[in-house]
Amino acid sequence: MHLSDFQDGLASALLPPPGASAPPPAWLDALLAQPGFAVYRNTVAKGCIDALQANYPAVHTLVGSDWLRAAAHAFVHQHPPTDGRLMGYGAGFADFLEGFGPAADLPYLGAVARLDRCWTEAHLAADAATLQAAWLAQQPPETLALLRLQPHPAARWQWCEDHPAYSLWQRQRDGLAWDANLPWQGEGALLTRPHDAVQWAPLPHAGCALLDACAAGASFEDAATQALQADPAADLSQLVALLLHTGALRTPETPLN
Amino acid sequence: MPHLLTAGLGLKPQHYDEALHCTASGLWWEVHPENYLSGGGPRLAWLEAIRAQHPVSLHGVSLSLAADAPPDAGHLHRLAQLARRIEPALVSEHLAWSAWRGRYHPDLLPFPRTQEALARIAANISTTQDALGRTIAIENPTHYLHIDGHDWSETDFLAELVRRTGCGLLLDVNNVYLSAHNLGACASDYLDAFPVHAITEIHLAGHHADPRLGDVLLIDSHDAPVAEPVWALYERLIARTGPRPTLIERDDAIPPLPELLAERERAHRMLANLEALPCT
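Chains as they are written, first to last, in my numbering: chain D, 145 to 401; chain X, 220 to 499.
Mixed in with the good hints, there may be bad ones.
A partial selection of chain D residues facing chain X, derived with a Cβ cut-off under 8 Å [claimed, not checked]: (1) H146; (2) F150; (3) L154; (4) A177; (5) G208; (6) D210; (7) R213; (8) L268; (9) Q294; (10) D340; (11) A341; (12) D379; (13) L380; (14) Q382; (15) L386; (16) L388.
With a straight-line cut-off of 20 Å between C-alpha atoms, the simulated DMTMM-like cross-links for lysine to aspartate or glutamate are [to be verified]: (17) X:K231 x X:E484; (18) X:K231 x X:D429; (19) X:K231 x D:D210; (20) D:K190 x X:D471; (21) D:K190 x D:D210; (22) D:K190 x X:E468; (23) D:K190 x X:D429; (24) D:K190 x X:D470; (25) D:K190 x X:E482; (26) X:K231 x X:D434; (27) X:K231 x D:D340.
It should be emphasised that the hints constitute simulated quantities derived from the structure, not laboratory data. Cβ coordinates follow ideal geometry from the N, Cα and C atoms, glycine included.
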């Protein structure tokens, strides 16, 4: 038998693609009939599910192990890992949860999962020096409007219109109990890694819009306009101070003009 | 300098701070490179801090050398970058596959040891060694299945890979014990046939019986101390090979570091006692 045929057969038995599949050939049946086959099947499933559980700790705390692992099992078969870096596995889990029937009673779960994902991405992102206020102060005032500020590679931000996603997520991460009196309103979150550890802070809607615009390459003037469209009452200087203080921006690699 | 390494331990995140300050003689740490192939951030910083104090070994689990495809170029590039940054004392991978047609199966999967597989795996090892600019060691996996169609015994297959590629071998004694038990073979016969001249590293680990089937099927769970029969095989093995860097693996039910250091001390003493003897 060709090696590739053997691999195709074993792979289809370990992580069956969704949908109907042909009955296994006789040689594969002979493997499936052995008690040892379950060891491989269990190890593959456990490896994927353990990784999702580790990468979505706030979701895990909210729903408990049994629920999380059942959801993860369904996700794994739709979106198996594509490489060995399981520390980053599960990029689409938030989207999956938003379409997952049993999660219909937990409409905020996807938004919380999105913040768990932000943490993973911030944790694994490339290093870069954070933009310092002193650098900004050195720029000629007439050029400030044209500056293209760049988000730090480890900065992640999310605005959630319908749920207090940041408070829900942050309370799980910080080990705090569910707050029954939490005001149910939209919230934004900013995750940064100015040094070793990922940090988080609430970010107003205008701040999320400002960072979205910066990430898209807008000048500061255009980014400020978009921030004010999101919230006409936004205090831009306070927002910039927050972004500098949290390390959300990077020092430009090349002089800006 | 590999010959200065005696017994090492797998490095676990919960032990980072203690690991940094361990001063045991001959101690080294092994990691799965997959856990450090990030763009930057604290994981790499931790590993570099450990590396500044101790030798480090990179023990890959996802290069998928036994797949009928070349190793993923992106993965190989990232691994080479990490190896340049960490300057590991040892680099190893498995005689198994895990990645196939864009999917990663987190396990070390078996294959029929055919002529075709031999040629493919030898080419994959050579590609890897060229990318890293160094030899790697190939580990014997644990077996749970009787597979038809083997042209080669595993020991002869490994010896031929050594001959074709110049690679080293990582002999996992626990895997030998489990595979022999699960497939009804003899662990001592396997070790007697093993090309011991190529061994650059030895692994020891704990196992447990299958929760459903009991002792008839033993699982390579890395969640317990090394079993006494495995220690006995190890003692016999190193009497033949002389001292070789030896890793105690523990990946689940991880106890406090002093417990692992005590187990590691046992292997260290066995190796240190050999140092005093002429080896054949």
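Now for the hints, and whether the structure bears them out:
Interface hint at D:H146: satisfied, since its Cβ lies 7 Å from the closest Cβ of chain X, which is below the 8 Å cut-off. Interface hint status for D:F150: upheld, as the beta-carbon distance to the closest one in chain X is roughly 6 Å, under 8 Å. For the restraint placing D:L154 at the interface with chain X, the shortest Cβ-Cβ distance is roughly 6 Å, inside the 8 Å limit, so the hint holds. Annotation: interface hint on D:A177 violated; nearest CB of chain X at approximately 10 Å, more than 8 Å.
With its C-beta approaching chain X no nearer than about 21 Å, D:G208 sits outside the 8 Å limit, and its interface hint is violated. The criterion of a C-beta within 8 Å of any C-beta in chain X is not met by D:D210, whose closest approach is roughly 18 Å, and the hint is violated. A least Cβ separation of about 15 Å between D:R213 and chain X goes past the 8 Å threshold, and the interface hint is therefore violated. At its closest, the beta carbon of D:L268 sits 4 Å from a beta carbon of chain X; the interface hint therefore holds under the 8 Å criterion.
The interface hint given for D:Q294 is broken, as the beta carbon of that residue sits about 15 Å from the closest beta carbon of chain X, more than 8 Å. Proximity of D:D340 to chain X holds as hinted, the smallest CB-CB distance being about 4 Å (cut-off 8 Å). The beta carbon of D:A341 comes within 7 Å of a beta carbon in chain X, closer than 8 Å, and the hint placing it at the interface holds. The interface hint given for D:D379 is broken, as the beta carbon of that residue sits about 32 Å from the closest beta carbon of chain X, more than 8 Å.
This hint is violated: D:L380 has a C-beta 30 Å from the nearest C-beta of chain X, more than the 8 Å allowed. Taking 8 Å as the C-beta contact cut-off toward chain X, the hint placing D:Q382 at the interface is violated, the least distance being around 29 Å. Among the interface hints, the one on D:L386 is violated; its C-beta lies about 22 Å from the nearest C-beta in chain X, farther than the 8 Å criterion. The criterion of a C-beta within 8 Å of any C-beta in chain X is not met by D:L388, whose closest approach is roughly 20 Å, and the hint is violated.
Between X:K231 and X:E484 the alpha-carbon distance is near 18 Å, which keeps this suggested pair within the 20 Å criterion. Taking the CA atoms of X:K231 and X:D429, the gap is near 25 Å; set against the 20 Å cutoff, the hint is violated. Proximity of X:K231 to D:D210 is assessed by CA-CA distance (about 26 Å); at most 20 Å being required, the pair is judged violated. For the proposed pair D:K190 and X:D471, the alpha carbon gap of about 12 Å is at most 20 Å, so the pair holds.
Of the pairs offered as hints, the one joining D:K190 and D:D210 holds, with about 13 Å between alpha carbons and a cut-off of 20 Å not exceeded. With a CA separation close to 19 Å, the supplied pair D:K190 and X:E468 stays within the 20 Å bound. Taken as a hint, the D:K190 and X:D429 pair is honoured in the structure, with Cα atoms around 15 Å apart against an allowance of 20 Å. Using a Cα cut-off of 20 Å, the hinted pair D:K190 and X:D470 holds, with the two alpha carbons roughly 14 Å apart.
Restraint check for D:K190 and X:E482: the C-alpha separation of about 27 Å exceeds 20 Å, so the hint is violated. Taken as a hint, the X:K231 and X:D434 pair is broken in the structure, with Cα atoms around 29 Å apart against an allowance of 20 Å. Taking the CA atoms of X:K231 and D:D340, the gap is near 18 Å; set against the 20 Å cutoff, the hint holds.
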